[in-house]
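Asker: From first to last, the protein sequence lines are chains A and B. Positions 1 to 415 (my numbering) are the ones given, in order, by the first sequence. Positions 1001 to 1371 (my numbering) are the ones given, in order, by the second sequence.
No lab work stands behind these hints, which were simulated from the structure alone. For each residue, glycine too, the CB sits at the ideal point set by N, CA and C. Everything hinted at is true.
From the structure, some residues in chain B lie toward chain A, with a derived Cβ separation under 8 Å: (1) D1026; (2) D1027; (3) Y1028; (4) A1031; (5) P1032; (6) V1033; (7) D1036; (8) E1088; (9) E1360.
Computed spacing ranges between beta-carbons, pair by pair: (10) G1042/B x V105/A: 19 to 25 Å; (11) P1114/B x L22/A: 54 to 60 Å; (12) H1104/B x L221/A: 27 to 33 Å; (13) D1085/B x A320/A: 29 to 35 Å; (14) V105/A x I1110/B: 32 to 38 Å.
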Amino acid sequence: MTALDSGARVWAGLAVTPSSELMFIVGVLLAGALAGEFIAATTRLPRVVGYTLAGCFAAAFGHGVAMPLGGAAQTVTDLALGLLLFEIGSRVHLRWLKRNPGLAVTSLAEALLSAVAVAFVLRLFDVGWQTAVACAILAMPAPAAVSGRVALELGAEGQVTQRATLLTALNTLYAVVALILMRTWWAADDGGSLPQALAGLAISLLTTLGVAALLAGATYLAARRLDLRNESAALLLFGLVAFAIVAARSIGVSTLLMPLLAGLLLRNTSERPWVWPRHFGTSGGALVLMLFVIVGSAWSPKILVAGGFAALALLAARFAVKTLAIVALSRWSGASWRQGLALSITMTPLSATALVMLSELMRAEPELTAGAVPIILASIAVLELIGPIAVQFALRLAGELPPAPKRARPNKEAS
Amino acid sequence: MSLGVFSKSEPLTLGVELELQIVNNDDYDLAPVSGDLLRLMGKHKIPGNVTPEITSSMIELSTGVCQGFGQALSELGQIRDALVDCAERLDVSLCGGGTHPFQHWTRRRIFETPRFHELSSLYGYLSKQFTVFGQHVHVGCPSADDALVLLHGMSRFIPHLIALAASSPFVQGEDTGFNSARLNSVFAFPLSGRAPFVQTWSEFEVFFTKMMRTGVVKGMKDFYWDIRPKPEFGTIEVRVLDTPLTIEKAAALAGFIQCLAHWMTTEKPFKLSEDDYLPYTFNRFQACRFGLDGTFVDPETGEHRVLRDDLTTVLSRLDTHAGDLHAEAALQYLRREINGVGNDAAWLRRIEDENHLLPEVVRRATKRWHG
Chain A
1 MTALDSGARV WAGLAVTPSS ELMFIVGVLL AGALAGEFIA ATTRLPRVVG YTLAGCFAAA
61 FGHGVAMPLG GAAQTVTDLA LGLLLFEIGS RVHLRWLKRN PGLAVTSLAE ALLSAVAVAF
121 VLRLFDVGWQ TAVACAILAM PAPAAVSGRV ALELGAEGQV TQRATLLTAL NTLYAVVALI
181 LMRTWWAADD GGSLPQALAG LAISLLTTLG VAALLAGATY LAARRLDLRN ESAALLLFGL
241 VAFAIVAARS IGVSTLLMPL LAGLLLRNTS ERPWVWPRHF GTSGGALVLM LFVIVGSAWS
301 PKILVAGGFA ALALLAARFA VKTLAIVALS RWSGASWRQG LALSITMTPL SATALVMLSE
361 LMRAEPELTA GAVPIILASI AVLELIGPIA VQFALRLAGE LPPAPKRARP NKEAS
Chain B
1001 MSLGVFSKSE PLTLGVELEL QIVNNDDYDL APVSGDLLRL MGKHKIPGNV TPEITSSMIE
1061 LSTGVCQGFG QALSELGQIR DALVDCAERL DVSLCGGGTH PFQHWTRRRI FETPRFHELS
1121 SLYGYLSKQF TVFGQHVHVG CPSADDALVL LHGMSRFIPH LIALAASSPF VQGEDTGFNS
1181 ARLNSVFAFP LSGRAPFVQT WSEFEVFFTK MMRTGVVKGM KDFYWDIRPK PEFGTIEVRV
1241 LDTPLTIEKA AALAGFIQCL AHWMTTEKPF KLSEDDYLPY TFNRFQACRF GLDGTFVDPE
1301 TGEHRVLRDD LTTVLSRLDT HAGDLHAEAA LQYLRREING VGNDAAWLRR IEDENHLLPE
1361 VVRRATKRWH G
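Please model the entire structure based on the sequences and the hints provided.
Answerer: Okay, structure coming up:
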């Protein structure tokens, strides 16, 4: 045996075939980061466009994620979205709604009226009532990831950014509660009784609230003792939220509602500021990157054709009604019409939240959901690249992006 | 632009200007929403005025012409309440203090007006470093010559005023060790410091014309002096105060200045001399650095005293004047700080010592401002 052979044998002994889950995570991370940096280096667009593009390419060549989500894709999506919703919740003061009733009405109007409009428009396309209502609820939430990530990356600050956070938290809340209600209603239609279904809803909400309260309490204790502005200390918080989300998934509690409620509880039960690195720093950033790649890959050319015009009509109705509601109420809520328009555009994208809700619905009620799947997936696909670019445009329209750096002219006197 | 005529104003009337911080209610960093706040303020009827400042997370309020402490407090209260009402509709807060404890100057944005952009292009990063917040007090003067005499008399009390008002111990997330770190930013400007020692308006006009000829200044606005005459209003303007954490303190400081002016114009207790300025920068540094515990060098005798003790003496001399001006409550407010709780800088440090979290310090400061 030559030295080379024996070396190769030792080496072969050390080799472990990677699991498919590991391959998936590494592949997603690498493709997303590469595309994101390419976009950042060659254009002025936010990196999320690159992340999404990586997903789109995978899907176009038939390697998109399968629905309903499972395995590593589900774990990553749960964690990333959970972290984002926890953070969004922890930035929302509900007392703002009391001090600014115009904003409270704006929130209800943009969410409910757009859902009603979506349902009616889909009926025009001969979509059944059940599917139309399901689509309306799934299209209600603005994405937790898109406007937040674009604003964070571009350093946007101001009323539109702040109001987008509030409206996103609220319409996600409405949508998840509406989804649970719809499922209990379907269950009742199925032969169960209505009181039984309502009791089921109450139990589901109370359990969610219980887990959320535990998470909020644990975060409170950690934040009082540690300086969470330090990224290493913030890892503990990351671990706590991740643990709560995994626990929630294992006992069937909504992984969207639980972290959102926990954040809201934390923010609204104590006046103390809660400060940690936005999106949990680099660790959260990696998850958010993978979230964009996964959502970007959740379509196929076949689905686009199947969803087709119904999806386009859904998006048109949704955008028109959200814009109408927000712009009409902007003066009452203390914003200018230009800010109103910008806010409507930041509410337009449709992404991970809808995808996770769809996935949960598919798993629970596969037959009843079948009609909604192509419409929602096609809608997400249509908006996923335009969405972040539109958000960037809207934030510029509202004057919330920092000015592009100018080169300083040396020794310039005031003229 | 020439210096113009010195307008007539009623002697010893007051005007108060305050530069305020606008902060978000999330991590309590500065929030660039002065445009929104001003738009909402349009619907409120207030005495005085609210105007934008150089960066969009600052706002300036000013009272009208006030007879004394009581009116100043009442006008500040009305403006404060209107501003707080608008701020709450935007889910932001307002805050006093001479600096924001942890804002980063690179993130500040210049408010959209030509003058602010011009200043920004001239001063570069200084204009953003200049995200500091001061209180200016105008005192009415019967004539231009009287104004200059009062200005130089008042200069002797600049250290006292700095120490009382100091509320800027933290800058860019660090404890600077100073009571008023804000003034260090002001001193970086080329035309900061003190006015030249001239006691008549004609001599001042000669100085101003010479400065104009050098091309260094174009108007009084280009002088960043600690006290400067304001010919348009017929006042002198005291500019060394950090914005206090409450309107009560702001009104008390204005009342104190009015008492000092009343004392100096009625009793003429000092003979003015150029030599008064020999210990000026030393005294000013001591006040900025150590606040009420700083050393005060008496310009006449050369005696060294602790500012706190000298203030106690000064306040006791002002009691009869405070009686004439109905400003007893103002002096009482300041006595409480001198003898007990300390200035606002001490309060801010205490809160940071208890919490080790500057955002919490800002939150508590907003509570005090909102009243």
